[in-house]
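Student: Now for the letters of each chain:
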Amino acid sequence: MNTPLRTALVAVAGSLLLGQSGFGAETYVIDDGHTSIIFGVSHMGYSYTYGRFNKMSGGYTLDREDPTASQIQLTISAASIDTNHQKRDDHLKGPDFFNVKQFPNITFQSTAIVVEQAKKGPLYNVTGDLTIHGVTRRVTLPLQKLGEGNGPAGKFRTGFHCETSLKRSEFGMTNMIPMIGDEVAITVSFEGILQTDTTVVP
Amino acid sequence: MIDPVGILLGGVLPAVAAAAAMLCGWKSTRSAGIAWLIGLSAGYLAGHWALDARGVGLSAAVAKSFSPHEARDWLPLVVISAAAIDAIGLLGKKSVAIAWTLRVGWCLWLPWRLLTGSIYLPSTAEVVGFDTGAWSTLEATAWLGGSGGLLALVWLALRHAPEQTLPRLRSSLATFVALGATATIALSGSLTIGQLMGVLTAALIGCGIAAGALRLESGPDSAAGPLLAAYGGVLVIGRFLFDPELPLHFAGLLLLTLVVAVGWIAPPKLLSARIHALLRIVLCLTALALTVIPAARDFAAAQAEIESNPYLNYQP
Chain A
1 MNTPLRTALV
11 AVAGSLLLGQ
21 SGFGAETYVI
31 DDGHTSIIFG
41 VSHMGYSYTY
51 GRFNKMSGGY
61 TLDREDPTAS
71 QIQLTISAAS
81 IDTNHQKRDD
91 HLKGPDFFNV
101 KQFPNITFQS
111 TAIVVEQAKK
121 GPLYNVTGDL
131 TIHGVTRRVT
141 LPLQKLGEGN
151 GPAGKFRTGF
161 HCETSLKRSE
171 FGMTNMIPMI
181 GDEVAITVSF
191 EGILQTDTTV
201 VP
Chain B
1001 MIDPVGILLG
1011 GVLPAVAAAA
1021 AMLCGWKSTR
1031 SAGIAWLIGL
1041 SAGYLAGHWA
1051 LDARGVGLSA
1061 AVAKSFSPHE
1071 ARDWLPLVVI
1081 SAAAIDAIGL
1091 LGKKSVAIAW
1101 TLRVGWCLWL
1111 PWRLLTGSIY
1121 LPSTAEVVGF
1131 DTGAWSTLEA
1141 TAWLGGSGGL
1151 LALVWLALRH
1161 APEQTLPRLR
1171 SSLATFVALG
1181 ATATIALSGS
1191 LTIGQLMGVL
1201 TAALIGCGIA
1211 AGALRLESGP
1221 DSAAGPLLAA
1231 YGGVLVIGRF
1241 LFDPELPLHF
1251 AGLLLLTLVV
1261 AVGWIAPPKL
1271 LSARIHALLR
1281 IVLCLTALAL
1291 TVIPAARDFA
1301 AAQAEIESNP
1311 YLNYQP
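If you read the sequences in order, they're chains A and B.
Residue numbers for the first sequence follow my numbering, beginning at 1 and rising by one.
Residue numbers for the second sequence follow my numbering, beginning at 1001 and rising by one.
A few of these clues could be false.
Derived coverage of chain A by chain B (criterion: at least 3 residues anywhere in the stretch with Cβ under 8 angstroms from a Cβ of chain B; other residues may be distant) [said to hold, decoys possible]:
#, stretch
1, 73–80
2, 94–100
3, 171–178
Because the hints were derived from the structure by calculation, they are not lab data.
These numbers come from a predicted model, not from an experiment.
Yeah, the Cβ is synthetic: ideal placement off N, Cα and C, and Gly gets one too.
The shape of chain A in the complex, shown without the other chains (with noise of 0.2 angstroms):
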């Protein structure tokens, strides 16, 4: 097991240990061939290259009693940037962006969690800690509950999306604004796994 995933779990196998997310909170781990990062911005003004992080993991836990108590942990490979086309993606890795080989990893792990009823269901305003180039800021990130249900295999998996933007200024990373722009759309869409051996009947 590879070390964010067992990171992901402990924390949140801790959660559950301290009571921190209730008794009736569900174990999710994030399902990594059915989440997608995806991030947009602007090149020059004249168009938006997108580009998606290919490697993730996390978990997630849920309380459906009381979902304030929910938390979720993510930790993404910064070098798992593509953008479809190799120099571009090596030079983003590199010191004039991401420098990954010095913060290998963009994690986020939640700290306070505020539901509210949309009308495709419950939203999650997540608070949390978002590390990026080794700098870290407090954001909220809206979590929109998207369908749960037995997936082909049986095992039961809720799912999220999630859109927002930030300014990669505010994370260290001033290179070549504003001909590439300051601010990053992203999308985050996952499901999680259920990780209990109770196949919740939603």
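Chain B: place on chain A using the hints.
Tutor: Leaving out everything else, chain B in the frame of chain A:
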């Protein structure tokens, strides 16, 4: 992208600061060695901090050097410490042994310091995960010890340059080599790291002009510490943190080219001044050709690949 303000702050300013500091150093001490030390260090620091000050202010840029976030943020302290060690060596005969002990310790410390927190040294990394490419203990010892040993040998070769022999030529060649290293790194794709080498180039130009105006009979070997700190520090960062864009053989060759330009290359008695000058020029040009030309070729190939994209400017 390097803009006019970047050229002003990272090019013109360090050159002017280096020349002015060298002039002040010479006027106040009448020591060419101290003048070179002060001039080169001041020029590099001025350029580094000026570039970092954009958008955040000078005090924040200077403060960043004392609580570094990235490896490059350590370079000002690295330059200051190397200059201080060379200055200790100038205090008298008894201080020479102390200075050399410090130099060896500094050379072993530099690669470790710049790579601490990176994927290579997982015990010191804040977060480790996925495919880290971390070194084993043996590999870490070999890489860090080897890099430190090479830096120590380069410092030794720079300090044992034939003093008062071709100082202006060696100064010009040092500038030329730093310019070649700037081009190699920038063409490899890292503007940030290339820009720092550009700052050193500008500082060398300023010192060279001031040394020529003052008719100082000593070359950049007098500032071997800060010269190696800035040049070697940038190469260590470029090689390891910009892997694989700056290959090991490029970094190694660029380091040795500095010795060829400035340091000891052969017993002075064996070579006449003309042969000595010719040898340095030929070796520098050859070594730089072996790095700059392949880097330029790779850059051109990458550009051609973009332009040969059949979907570029596609019109149905």
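Student: Work down the list of hints and note, for each, if the structure agrees.
Tutor: Tested hints:
no., hint, verdict
1, 73–80, "holds (count 4)"
2, 94–100, "holds (count 5)"
3, 171–178, "holds (count 4)"
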